[in-house]
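Per our numbering, the sequence shown starts with residue -8, numbered consecutively.
It should be emphasised that the hints constitute simulated quantities derived from the structure, not laboratory data. In this text, all values refer to a predicted model and were calculated from it rather than measured experimentally. You may find that some hints are simply not true.
Claimed, not checked - Straight-line alpha carbon distances no greater than 30 Å define the calculated DSS-like cross-link-like pairs of lysine-lysine that follow: (1) Lys120 with Lys147; (2) Lys155 with Lys32; (3) Lys120 with Lys80; (4) Lys32 with Lys70; (5) Lys65 with Lys32.
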Amino acid sequence: MPHSLRYFLLTLFLAASAKAHQVPNMTIEADFDSQGHFEMKVNVDPRVILSDQPTSLPPVVAAWYLEQTPEQVKATFEKAAAYLSANFKLQFGSVVVPLPEVTWRAMDGTTNLPLTAETTEVHLLATFKSIVPPGQGTFALGFGQAAQVSLILLLKNPSLTEPKVMVLFPGETSRPFSVAAPPANKTAP
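With these hints in hand, go ahead and build the complete structure from the sequences.
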């Protein structure tokens, strides 16, 4: 798909999402530093773990999350982590790495602020950090065929003043993105 067409589709998609909030999607902000460390924040619409057809559900309201017991919250985060593991392939050069340990929090999906009782659209924010494998100077994200939603990927490295934006649909892999590899004696945190 031509680059300009992707931007056009992204603009249409974001405009539709801003008005209706009906189409679930995912956003990943991937920030790579000059020492080979990275942090990824994944904005997950819970409809992707609640249904095989997430577009058939309305946005999930605050009560869904706020009324869960601690055990139910743990199960929700485990289900979301399993979804990410099944649908994300983190590839650095020729090396595919497993999804690092994820920390989770619920947030207001329209404002990205903390969840309140008035929140009309709950999202789950997954954050994970790790280190680029030594000698691997590019990153690509494979997005699972069964993902059911589109993905907006925002990539940052120290050489960019603005994030590089890519839109992925289920079954696609992002173009390679240049990242700094750590010195050979570094290991993951």
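Structure-based check of all given hints:
| no. | hint | in the structure |
| --- | --- | --- |
| 1 | Lys120 with Lys147 | holds, 14 Å |
| 2 | Lys155 with Lys32 | holds, 15 Å |
| 3 | Lys120 with Lys80 | holds, 15 Å |
| 4 | Lys32 with Lys70 | holds, 17 Å |
| 5 | Lys65 with Lys32 | holds, 19 Å |
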